Amino acid sequence: MPPPDMQNDFSNELLKLLAGSPLMLIAAALACCSGHLWSYIILSYFSKKERKILESFYGRISLGLIWFALLYIPLHLLHFKKLLFDLESIIQILPNVIIVSLALQALLFIIINFLFRKR
Amino acid sequence: MVKKRTVINVISGKGGTGKTLFTAVAAEMLGNEGASVLVADLDIFVRGLTALLYFHKNESLVVTEKHEIPVSSFFKYKGSLPDSNRRNSGGTNSKRKVSISRYRSFDVLPSVAYVNQLLDFRDMMPGSIEEAAKIVSSLLENIPNDYDFIFLDSRAGYDELISASHEISDFSICVEEDDDISMITTDNLIEQLRSDNKFKNLFRLKNKVRSDKQVTGSTSNGITFLGSVPFDTDVMNSFGTKNFWMDINKSIYYEAVKNIWNTLSNKMNLGFVLQETRISPLGSGKFEKKLSLLSINKRILFLYGSFISGFCLLYFIFRNKFLYVNGFNSDIGILLVAFLGLLMAFFAIFLNNKK
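Residue numbers (this note's numbering), protein chains in the order written: chain A, 1 to 119; chain B, 1 to 355.
In case anyone wonders, no lab produced these hints; they're calculated from the structure.
As the structure is a computational prediction, the values presented were derived from the model and not from experiment.
A hint or two may mislead.
What the hints assert, rightly or not - Residues from chain A that keep clear of chain B, each with C-beta distances beyond 12 Å, as calculated:
(1) Leu65
(2) Ile66
(3) Asn113
Stated by the list, open to error - Quick list of the computed label-pair ranges, beta carbon to beta carbon:
(4) Leu75(A) to Ser218(B): 48 to 58 Å
(5) Leu70(A) to Leu61(B): 21 to 31 Å
(6) Lys16(A) to Phe318(B): 14 to 24 Å
(7) Glu13(A) to Met246(B): 53 to 63 Å
(8) Glu276(B) to Tyr58(A): 49 to 59 Å
(9) Asp120(B) to Glu55(A): 23 to 33 Å
Every residue gets a Cβ at the ideal spot worked out from N, C-alpha and C, and that includes glycine.
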């Protein structure tokens, strides 16, 4: 566990990042919603083992950010043709990432629901 | 040491209130969390619970074993178990035993031996409350003692059997719908039972409720409400299908039954509280109830569609450069995706449900 002053520095940087761009704030909110929906899908259709983690606020936002990150990497590569990340490039294609991830998540939800109802 | 079992009688003033479904779902929830539960189908003519066994046994018309007897036989033989053709070790004919079958996480004592069995009403029904009490007592005596809870799924309305089962059980739950006719029939039933059994515990619960009004703890006609179960499209659409139990586990109906049971458990010191909570896909159970006319899948699609179209429209209005990796025109691209999101949300609301 990092020392308290390091934790405070990290929190402050994170807050600066979120406050600096409305898009980041919206992305964080949508990551939370996306993570909530993923935790619903996992707990409803797969396993209820990690229920406490998945149902917590940090669990959900983490799931959402992981999902966004998974889709961010290929979109970044496709657009910038390189694996060098910086804040500006992230903000540039963040709207794409959000749209694609929400749409893909909806599609996956439909497929998972269909498969579970058929079996 | 004999385990103390709780006998719960589930009744209603009229048919179609959802009494049998409530009983089955409550039994399933209790069974899933480790309680030993039996549901006895006392409704020998309608046979709602027995029909569940029929489907569970791959549509086998026969739901009991040859030497076992269902509830209707108790009525026919007035509480005395007939001899079977089997001989016991002493050389005499052994008594038949009650037919108990496993259904998912709880046991069912079916009303009839085979689902399409024809019964003669004149043979079956008891002539007095005392005779009915003898039959129900005999039924309970012949059920093994190791159950935590025994639900008696009674028929609708009032008769000698309803009065007797109310007398013999630990308490009764009266299920009603959220309309004036159902309330009147429930009040009539309560008055009738009160005149027979003045001191027995009786509770009410409202089913298929479409409003937000909370009834938990309130009283009507002197009887406490345990709570209300919201109208849930998933239950309506899914009932009778093979996905029913998968769908109902995710529904607001399930959550409401859990809350009602926990209220009951606290009031009657039953010592068994249901723990499992349901995760709402919309993040708020209250908001979800407002969309209860949509199935849960449509609520989720409505949510996705709203997010996508809302985000795109907001970005269109407050945008910087919106760079598409494939180089589409950004304004058209944004509006197109917003439109698709709106389409998804409308699709969720307006597409008819198909069974």
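Hints numbered earlier in the text: which of these fail when held up against the supplied structure? 3, 5, 7, 8, 9
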